[in-house]
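Protein chains in written order, with the numbering used here: chain A, 1 to 178; chain B, 1 to 187; chain C, 1 to 154; chain D, 1 to 150; chain E, 1 to 324; chain F, 1 to 209.
No lab work stands behind these hints, which were simulated from the structure alone.
Treat each hint with caution, since some may be false.
[Unchecked claim] Pairs of lysine-lysine residues, derived as DSSO-like cross-links and limited to a Cα-Cα distance of at most 30 Å, are as follows: (1) D/K26 x F/K81; (2) A/K32 x C/K131; (3) B/K68 x E/K73; (4) A/K145 x C/K145; (5) C/K30 x B/K161; (6) B/K58 x A/K112; (7) A/K73 x C/K131; (8) B/K166 x C/K58; (9) A/K97 x C/K142; (10) B/K166 x C/K108; (11) F/K165 x E/K202; (12) D/K87 x D/K69; (13) A/K145 x C/K142; (14) D/K69 x F/K166; (15) E/K141 x B/K58; (16) F/K169 x B/K120; (17) B/K107 x E/K30; (18) A/K73 x C/K145; (19) A/K32 x D/K69; (20) E/K30 x D/K26; (21) D/K87 x B/K9; (22) F/K165 x D/K61; (23) B/K96 x F/K169; (24) E/K141 x F/K165; (25) B/K155 x B/K166.
Residue-level listing of the chains:
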Amino acid sequence: MSILKRTQQWATFARTWHIYDCTWQNPFDSAKVVKNHLMGLHKPIYHPMNDCGDHVVLINTGEIALPGDEWIKRVYFHHTGYPGGASWTLAWQLHEKDPTMVMKKAVYAAMKGNLQRRHTMQRLHLFPDDKVPEEILGNVTSQIKQTRVVPKRLDHIDKETLENFPAIMDYPKDYVLR
Amino acid sequence: MSNSHLFLKSGFPRAPLQNGVGRYICQLQRITLKFCKNNGSSRGMREFIEKQLIDFAKENPGTVVYVKPRRHRTPVIVAEYLNGDREWHNCRNLSKEEITQWITLMKTQNGSSSSLRLRKMWHTDMPSIQGPWTPFTLKNPASNLVIFPNEELSKPLDVEKSATEKLIELFREQRLSEGKLEENRGN
Amino acid sequence: MSILRIVNAFNRSLVPHQRTVATSAVLGVKQIEVQKQDDTVVIQAVTSESPRQALLLKEACQPKFCPECSLGLDVKHTDVLILSQYVRNDGCMLPRRITGLCKRQQKKMGTLVTMAQKAGLMPNLGPSSSKKDPKQRFGWRKYNKYYYESSIKY
Amino acid sequence: MVFTSAALFVRARGPDEFWRKRRVFKLAAHFHGRPRNVYTFAVRAVHRALVYATKGRKLKKLDMAELWKTRVSASAEQYGVSFDAFKNSLLKSNILLNKKMLADLAIWEPRSFEALAQLSRERAVVEGMPGIQERSVMNQVYGLKNLLKK
Amino acid sequence: MSFYFKTSRLLVSRCNSIALQVPKNVRNIKRWVAPTLRELNKRSKNVSSNEEIQKRSTFIEWNYNSEVFAFGKRLQENFNLVTLQRAFVHSSFITQEENRQKQLGIENPEIMLQDNDSLITAGQRLLFDYVTAFLEHSLPKVPDEGIRAFTTYLTSISNLAVISKNLGTFDLILSDNIDDLTLANTLLALIGALHESSGDEKTYLFVRDFICTQLNQKDLYEIWEISSPFESLRSYCLQNKLAVPECRIIGETAKNTVLSAFHVGIYSKKILIGQGFGEDVETAIQTASIKALRKFYGISDNMRPFDFRIKLENKYSEKVKLNG
Amino acid sequence: MSFLLKNIVNLPRSGSINQLTSSFRCLSLTSQLSTRHNLNYKPPKIIAKPITPIIPQRSPSEDLKACDNIISKVNNVISEKEEGRLFAVIHLCGKQFKVTSGDIILVEGYWPPTIGDEVRLEKVLLVGGNDFTLIGRPIVDKNLVNVQATIIEKTLTHTKTHFKKKRRKQYMRINFQRSPNTMIRINSIDISGQIQANSLEKDDSTKIY
């Protein structure tokens with residue numbers, strides 16, 4: 001097998017490392033996108049057997065956003081296997097214990113339930129905030145686009161846009177400004 | 001995993017010795033026809049030999065034809081090919097036409113193909129001319145200079161314009177039109 | 001141009017209260033000012049130009065203006081710059097007679113404001129007692145959340 | 001006195017059945033455990049295997065079609081075109097390549113596939129088909145510049 | 001399996017006892033005997049297969065002349081049969097005949113067969129000329145060293161042996177033992193015989209159709225490995241007055257892990273002349289320079305395919321005649 | 001709507017897909033603006049600035065100039081015989097194959113040509129080289145591309161057992177099948193002649209696909 005053919009195959013099946021910023025993202029919509037990249041469904045050479053998935057580094061998993069009151073309504077069931085071992089943890093309690101767990105379970109559930117799932121999950125690297133070890137950050141060469149626009153807090157908006165944002169309502173004449 | 005592949009060999013379509021690239025050679029080397037002179041089951045074979053064997057031999061001079069009359073034996077065709085395959089075929093009670101069909105099949109074969117399961121319907125050693133797809137084909141070298149995590153690349157692209165942006169644009173237009181108003185009022 | 005603007009702003013304030021016509025040309029917004037001169041503290045009501053005067057949108061000058069009905073903007077709870085204009089700086093929603101919105105829009109703007117406040121997008125427009133930083137909230141309230149505008153049914 | 005002829009007419013069932021079972025055991029030679037050695041289990045397993053083989057020929061075609069679909073939609077997504085928009089616009093512009101060919105082109109001839117993708121993208125926007133996403137400027141085959149440089 | 005043998009011994013013994021009593025003139029094979037015999041026969045054949053296989057020429061259905069005639073016709077050539085037969089006779093066969101006749105006591109053994117040594121030498125020369133001419137015509141930009149590498153590959157013993165085996169010379173060869181060398185020599189003798197019987201044109205077509213077609217869809221790099229590619233690329237650029245090649249990393253993935261891949265491009269004066277991949281930068285540079293070199297020599301893998309249908313009277317035929 | 005109906009009615013008669021696409025094309029240009037919004041979106045009274053279309057509209061003259069430029073480039077590459085190895089997508093017996101010269105393809109089922117025949121394959125959907133691809137709509141012009149092939153083998157496949165069984169109904173059917181297939185060697189693919197720009201618009205409905 002000449003060096004050309006060997007390196008060509010090495011490059012075709014090379015694993016790229018992606019990074020995904022989960023601030024203000026819904027974990028389940030982003031899990032769909034992340035799952036595609038993990039399983040390699042975004043590559044034309046995809047085949048369920050040829051394990052051509054990529055690595056994905058998830059940062060700011062602590063900052064994920066859930067719609068409405070899912071934080072208190074979504075429940076994660078766990079059973080230790082022993083009698084009376086069933087436990088229901090609310091989303092926010094789980095998030096408080098381990099900020100990466102909600103996102104991890106979301107990606108785990110998004111993937112097809114076969115033997116490769118656990119193996120592919122090892123290619124997922126989760127970090128609660130954006131402090132990522134230098135070595136992993138060095139591997140990253142591409143960024144996955146977020147699914148939702150990140151809203152900006154009022155006090156974070158810079159003065160300049162605040163100044164000349166149009167006023168769409170003016171106070172009546174004798175209005176007492178308190 | 002079942003190891004049924006041990007019993008039914010599978011392979012890919014191959015032609016012997018790049019046959020057909022330069023010129024086509026018929027791969028059938030020898031054919032032996034065994035039959036019985038007076039048994040009823042060799043009647044078709046005897047008819048074939050009387051009527052059609054001569055013009056068969058004339059048509060393809062490249063194959064040697066042996067005729068083997070054997071007492072009390074069922075009629076059999078044995079074809080030997082250039083790649084060494086030997087195909088044995090029993091022609092008991094076959095009519096002349098069927099025997100001709102079987103012989104033409106043997107003539108057009110490259111070897112005994114009855115035991116090989118083909119896994120693909122085409123074969124090429126040059127699958128790609130523009131170079132196979134790699135993660136690098138659609139990667140602009142400029143993206144090497146980007147420091148990740150990059151705010152700009154992470155923004156979703158195809159998102160409707162939000163109300164705030166629309167308002168800002170409207171306001172800018174209003175400012176522009178007012179500016180124009182002052183100008184033409186000024187001069 | 002400015003005289004025209006003052007006149008229709010004047011008759012807009014007249015319409016809901018049917019008060020008698022004000023005699024003097026009323027300038028603008030009243031504010032209570034506290035000044036300290038060497039030893040004396042002077043508290044006086046000062047009428048001044050309303051701060052938004054300069055930034056007013058042309059379309060916004062009619063008495064009845066709603067972003068959705070007149071301009072066709074579907075406001076989301078993340079459009080904080082728009083929502084903050086309908087809110088006092090202690091976070092309470094301005095009444096309809098001041099905001100000049102139609103009934104449906106006023107209610108919708110109300111829910112949008114509460115959504116934004118719950119999502120922690122307008123921490124500085126809160127009551128003085130508030131901790132101003134949504135991350136300090138108790139329990140599940142400190143985590144990010146967002147809302148679907150489609151859940152507003154009116 | 002031994003009557004020999006009667007013996008001939010007794011039905012001797014035994015040995016042929018032995019050979020009939022060989023045919024089944026030949027097909028079950030690679031099975032695991034008792035289906036390989038015991039006839040009653042072997043027959044069932046062989047019948048099941050033959051039914052699977054017959055049905056499998058059909059299934060293989062369906063699985064391949066599905067695989068080609070995933071591959072073509074994966075490579076079309078690189079250019080921001082969904083699979084349906086891609087296929088419809090190709091059909092509208094009278095290009096009758098089937099899924100197998102599109103998948104082959106996507107893997108082995110990325111430049112030809114890029115030409116098809118741009119063509120279908122433009123057609124889809126003109127026809128107003130849904131499923132077109134904006135793509136970052138980065139998506140273009142590297143090295144296109146020094147093509148046909150003469 | 002033991003169960004099986006026990007029954008067969010039982011069967012055979014029982015049917016012997018019955019057969020004795022059966023009246024003599026009734027000839028019927030018992031239904032259960034035939035399959036067993038068939039099975040035993042098949043098994044014995046498997047066991048005995050490892051002995052030396054019977055040569056086809058020792059069968060009853062064997063006619064040497066018709067086989068040789070058919071061989072000629074099969075290749076769509078018309079040899080004259082005498083030279084063709086001579087091509088198959090090797091000198092080792094003749095010596096073997098002589099000492100066999102000596103053992104039988106004939107003093108001056110005279111054998112009417114001639115061996116094919118002269119044909120072999122003629123064939124060798126012809127083959128070499130035609131192959132080099134064909135390669136020079138279809139690969140103009142390749143240096144001589146490359147052409148020599150391709151010709152040695154095409155005319156190597158193993159290659160010729162495979163070709164002649166596939167043409168069916170194995171059964172026809174008359175020599176004491178048949179190995180790759182004898183097979184290759186027979187093919188050379190055939191070329192010589194063809195040249196004698198039907199001239200240049202036919203021989204060239206024969207060589208082109210059977211030996212040059214071995215290059216069909218072949219990756220020429222596997223035949224002619226370029227050693228130290230980057231240095232040879234630099235020297236090539238110097239000769240052709242191109243700017244000195246420099247390498248740049250165009251793309252990389254997972255560079256801190258074991259499965260790292262690099263995409264390196266070689267530029268001469270800002271023009272991309274070759275790009276290559278590799279698990280580390282050095283191999284990527286090597287592959288990129290190999291690809292660049294191959295593009296200059298015109299033997300990159302998407303080069304113009306060989307035209308196996310060109311005739312002899314093309315412009316290069318004079319060259320063949322010169323050294324032919 | 002009547003305009004659309006008129007077109008659909010005469011489609012079966014003319015039978016060629018081009019008429020339909022051209023009628024749709026002029027129809028669709030009118031609905032340019034609503035490309036991005038779904039149908040049930042009621043446009044508000046004052047339309048805020050519409051979303052800019054994704055691809056900036058190029059004027060047709062620019063397009064034509066770019067087309068001619070590319071065609072002339074491809075033409076001189078072909079005339080200098082610089083195009084290197086070509087691949088073609090051919091349509092044969094209901095299946096499509098991507099072939100280069102020297103390939104082997106297998107056609108299943110009964111197919112009249114016998115061994116040794118030289119065949120020219122004319123249904124070429126796409127021809128491509130390293131630098132350009134000619135996409136046929138639906139097939140590339142006959143006198144532009146020439147694909148030569150020889151038939152090298154006509155065999156039967158291995159015996160496939162077709163076994164049907166209905167459980168507990170004593171219903172079992174087995175039949176064995178060896179379907180014929182033909183092995184074809186692709187000898188050469190070459191582009192002869194020049195690509196004319198005007199051949200793009202001309203579509204003579206005499207062609208039978």
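Against the structure, the hints:
The hinted pair formed by D/K26 and F/K81 fails the criterion: a straight-line CA distance of about 58 Å is larger than 30 Å. A threshold of 30 Å between alpha carbons decides the hint, and for A/K32 with C/K131 the separation of about 36 Å lies outside it, so the pair is violated. A hinted pair counts as satisfied when its Cα atoms are at most 30 Å apart, and B/K68 with E/K73 qualifies at roughly 23 Å. For the proposed pair A/K145 and C/K145, the alpha carbon gap of about 20 Å is at most 30 Å, so the pair holds.
Pair hint C/K30 plus B/K161 does not hold up; C-alpha atoms about 37 Å apart against a cutoff of 30 Å. Straight-line distance between C-alpha atoms of B/K58 and A/K112 comes to about 65 Å, which puts the hinted pair past the 30 Å bound. Between A/K73 and C/K131 the CA atoms are separated by roughly 25 Å; this keeps the pair inside 30 Å, and the hint holds. A threshold of 30 Å between alpha carbons decides the hint, and for B/K166 with C/K58 the separation of about 14 Å falls inside it, so the pair holds.
Only pairs whose Cα atoms come within 30 Å are accepted, and A/K97 paired with C/K142 is accepted, the gap being roughly 14 Å. A C-alpha spacing of about 19 Å is found between B/K166 and C/K108, which places the hinted pair at or below 30 Å, so the restraint holds. For the suggested pair F/K165 and E/K202, the alpha carbons sit about 61 Å apart, so the restraint of at most 30 Å is broken. Note on D/K87 and D/K69: the hinted pairing holds, with a Cα-Cα distance of about 10 Å set against a maximum of 30 Å.
Taking the CA atoms of A/K145 and C/K142, the gap is about 26 Å. The hint holds against a cut of 30 Å. About 34 Å separates the Cα atoms of D/K69 and F/K166, which puts this hinted pair outside 30 Å; it is violated. A threshold of 30 Å between alpha carbons decides the hint, and for E/K141 with B/K58 the separation of about 48 Å lies outside it, so the pair is violated. The suggested pairing of F/K169 with B/K120 is violated, with an alpha-carbon distance near 37 Å, which exceeds 30 Å.
Taken as a hint, the B/K107 and E/K30 pair is broken in the structure, with Cα atoms around 38 Å apart against an allowance of 30 Å. For the hint pairing A/K73 with C/K145, the CA-to-CA distance comes to about 13 Å; that is within 30 Å, so the pair holds. Straight-line distance between C-alpha atoms of A/K32 and D/K69 comes to about 18 Å, which keeps the hinted pair within the 30 Å bound. Proposed proximity of E/K30 and D/K26 is supported: the alpha carbons are some 24 Å apart, at most 30 Å.
Taking the CA atoms of D/K87 and B/K9, the gap is about 38 Å. The hint is violated against a cut of 30 Å. As the CA atoms of F/K165 and D/K61 are separated by approximately 22 Å, the hinted pair is consistent with the 30 Å bound. The suggested pairing of B/K96 with F/K169 is violated, with an alpha-carbon distance near 41 Å, which exceeds 30 Å. Under the criterion of a C-alpha separation no larger than 30 Å, the hint pairing E/K141 with F/K165 is inconsistent with the structure, at around 65 Å.
Of the supplied pair hints, the one linking B/K155 and B/K166 holds, its CA atoms being roughly 18 Å apart against a limit of 30 Å.
The structure fails to meet hints 1, 2, 5, 6, 11, 14, 15, 16, 17, 21, 23, 24 from the earlier list, while all remaining hints are met.
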